[in-house]
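Note that the protein sequences, when read in sequence, are chains X and U.
FYI, in my numbering the residues of the first sequence are 1 to 305.
FYI, in my numbering the residues of the second sequence are 1 to 559.
Be careful, since some hints might not be right.
Stated by the list, open to error - Not the full set, but computed from the structure, chain U residues with beta-carbon under 7 Å of chain X:
(1) Glu196
(2) Asp422
(3) Trp425
(4) Trp427
(5) Asp428
(6) Ala449
(7) Asp450
(8) Lys456
(9) Tyr457
(10) Leu473
(11) Ala475
Worth flagging that the hints you see were computed from the coordinates, not collected in a lab.
Because the structure is a prediction, the values reported are computed rather than measured.
No residue lacks a Cβ here, since even glycine has one placed at the ideal position from N, Cα and C.
Okay, here's what each chain looks like letter by letter:
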Amino acid sequence: MTQNFSQTRTLTLGHLYPDQLNLYGDRGNILTLRRRCELRGIELRVVGLGIGDALAPDEYDLLFIGGGQDKEQAPVAQDLYDLKGIGLWAAVEDDMPVLAVCGGFQLLAHYYRPAEGPDMRGLGVFDAWTIHKGPQVARCIGNIALGWNGSTLVGFENHGGRTYLGTAKPLGRVLKGHGNNAEDHTEGAIYRNAFGTYLHGSLLPKNPHFADHLIALALQRKYDREEPFAMHDISLDLVTDQFNHHTTEPNLPATRDTNADQLSPLDDTLEWEAHAAMLERLGLYSEAIDVLRTHHIALNSSTAS
Amino acid sequence: MRKSRPSQAGEQEGAPVLREPRMGPQPLATKRPKTRNQRRRTRQRHLEAGLAVIAGQTVGVLSRRLHLGGGTSIVGIVAQRVYPDIVEHLATQLEHGSIIITGTNGKTTTSNFIASIMRHAGLYVWNNKEGSNLMRGVAAALVTHALPNGQMRRTAEAISILEVDEAALPQVVRAVPPRVLVVTNLFRDQLDRYGEVDSILQYWQQAIKQLPDTSTLVLNADDPAIANLGIGFQGHILYYGIDDLSLNLLSQQDPTDVHHQTLDTRVCPACGNAYVYDVQFYSHMGHYHCPTCDTSRPQPEVSAKHIHLDTFDSWHVQLEKAGEAHELTVPLPGLYNVYNALAAVTAAQALAVGWEPISTAIEQAVPVFGRGERIEAEGRSIRLLLAKNPTGFNEVLRTLFTEEVSRHILFVLNDNTADGHDISWIWDVDFERAVGHTTTVTVAGTRAADLALRLKYAGLPQEQITVVPSAPLRALRQQIIQARKARRARRTGKLSAKQAAQLQPAAPYGLKQALSVALQQTPVGETLFVVPTYTALLEIHRELGQRGLTTNYWEGKNV
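Generate coordinates for the entire structure from the input sequences, incorporating the hints supplied.
Next comes the structure, spelled out in structure tokens:
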């Protein structure tokens, strides 16, 4: 009803280091975003950004960076800092939604201090830092649930490093599980529209409200801006490939009424049942009841077929 | 008298042997202890070993009598408690020593192939087929077949074939230095237990450092992580691999095959650069080289030149072994079983076994526990295909969906400790491949909801999918109670038939119902493919056993 668009809306997702940082089912996040866009008639293009590729912020509407093994993280950290740092900063300051999971989250904070060896420098998007306390300190592994935005997020965490927040706001408060450091009940970090988190499993399939939040932010930023889209392309001066520049045409304000609540609702029964099953697994029974009640899920709605 | 009872009990179970031991236990006869002190220590060790054997076997028998479980691991735990060196003591008695098999996927099938080859070659085989593949399982396997005097029941012409968990390898190798160590492959598996893929490599490097120079390493040439294990090893190394270029994914028309492969080894450990693949079979298995340094796939001693799929579960393989050409039939589904057969051929080559026993053993192989096993039930066939990590799962799906046949499938996903608590790997599995190739799909297990969600996002039609979780949501319990009350009211006549018809039946849950639902949806005469994770496979077996369809796996199937 609210979606009477003369032209299909498109979003471009920049997937950072799809080959190096893909350890924990991160593909699920991409699949979820793509499908949830598709079902609403939004085309989601996914562009992989590997080592050596530059990041031109005005070519993307969303960014995703996953987690990987420690061994693979060092060259990625270097590349992120050298080649994509300025572009990513510009994107974040311009309110582009960014989702950084696990290793990606660590790389967007100030630094990662391994148990041995030199510090890995991060981008400092989040005022936070990560310390690995050595093999004697147990890894934070297990199912996790947090309170977010009046609702819950569920996932699985598996990290050796412990992250401490400076002035960065946490993504949520840990209800069950370890969180950033197993000490202060914080999980993840937020700066503008950039979200860092340790939740994989994958994060977005079982948390459809969070997936929609990211999509809505991206749509809003792209199609709902009051001021015309005017990104100052400092970063492009660093990029050798100047020729692609002209391909991003200024966007006509096709719609003015898209915002977070106006994404058309989908049948998320299966999603919320999986979400509630995890909450119950963690002993959060009243939260599970809340989730099912909020989303009007009754017995047999998905299984009777 | 009292002493010998437990061993008799043990003998009866392990008894369906091909040949009875020809003679009594062989003495340790290698070296005579010289001094009285040494002799006393030897006697002491025999005594302790004997006690350990008796204690272990007694507990095993009790545990089985009391139905506490398979009663296999407990035998090893108790025996090791009584005499910590029991494994070393028993394993070193065997005339032909031991072969150890490890790797992420294919351990069990490869061990089964090798055991069968050795039997066909006339050897007497001890293995840990029924037990766990941790140290205690190895201990249990040996203790079960030992005599109360601390000797193996049979040592002459005997060999032990031990399947060993990736992380337990250093410990087992220390106790049992193998004549041959076979390493099949390395994929991401149970990251919550092992941490990262690389930590497994460290365990293996540690284990290989402990090997004597007289050991032979049998390594998969097509897996770069495995091939690199040979670097720096002083002893003999035999590689195996596939050289049939028609299986190359990179040259196939359908680009999705390449796209959905999860690479678990990507970079050269020497210089950190990404490997370049000339040929890729699946995941990171293929012909690779490092663009900057000299590292490349070693030339395999045993190589499959032509591979042809005859039927769903029969491969015809033309292979070259030590310069000779041979033909082999592998009667199991999946390309991964060709690799398993090659590993077994190479291990046999390491012990200079002739071709005849090798080909006979592999051609007559029957699927082991859950690896393609067929069970007839209610006029339908059930095939069990264990899948416990992304690459294993991908290969099972490829096996199921390459032919143009629509399948009936029951997926069971558990997240118990033996499966790994982290199930995020299901998002790395290429379920998209199943779209258009399924008729009915039942999803069960402790994480049924997660798998159902994965299938939904893969694009499987929702109306094909039935979700039967392990337990109903507690949040919905109120509704379940109401449904139950309504049914009771209907029975007692308080509710009219019309009213009752409006009530939905309670949703099924639990594996028993899942299996029933899946079987019902499979027409008589067709096959239901069951794809479970590890603990789900155990549950399925138990359930089938209760329906009288299989024997319990721990009962006397050793030989």
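Against the structure, the hints:
1. Glu196: 5 Å, holds
2. Asp422: 5 Å, holds
3. Trp425: Constraint on U:Trp425 satisfied, holds at 6 Å.
4. Trp427: 3 Å, holds
5. Asp428: U:Asp428 check passes; min Cβ-Cβ to chain X is 5 Å, inside 7 Å.
6. Ala449: The hint holds - U:Ala449 has a Cβ within 7 Å of chain X, the shortest such distance being about 4 Å.
7. Asp450: Where the cut-off is 7 Å and the nearest Cβ of chain X is about 5 Å from U:Asp450, the hint holds.
8. Lys456: For U:Lys456, the interface hint holds, since the closest Cβ of chain X sits about 6 Å away, which is under 7 Å.
9. Tyr457: 5 Å, holds
10. Leu473: Status holds, d = 6 Å.
11. Ala475: 4 Å, holds
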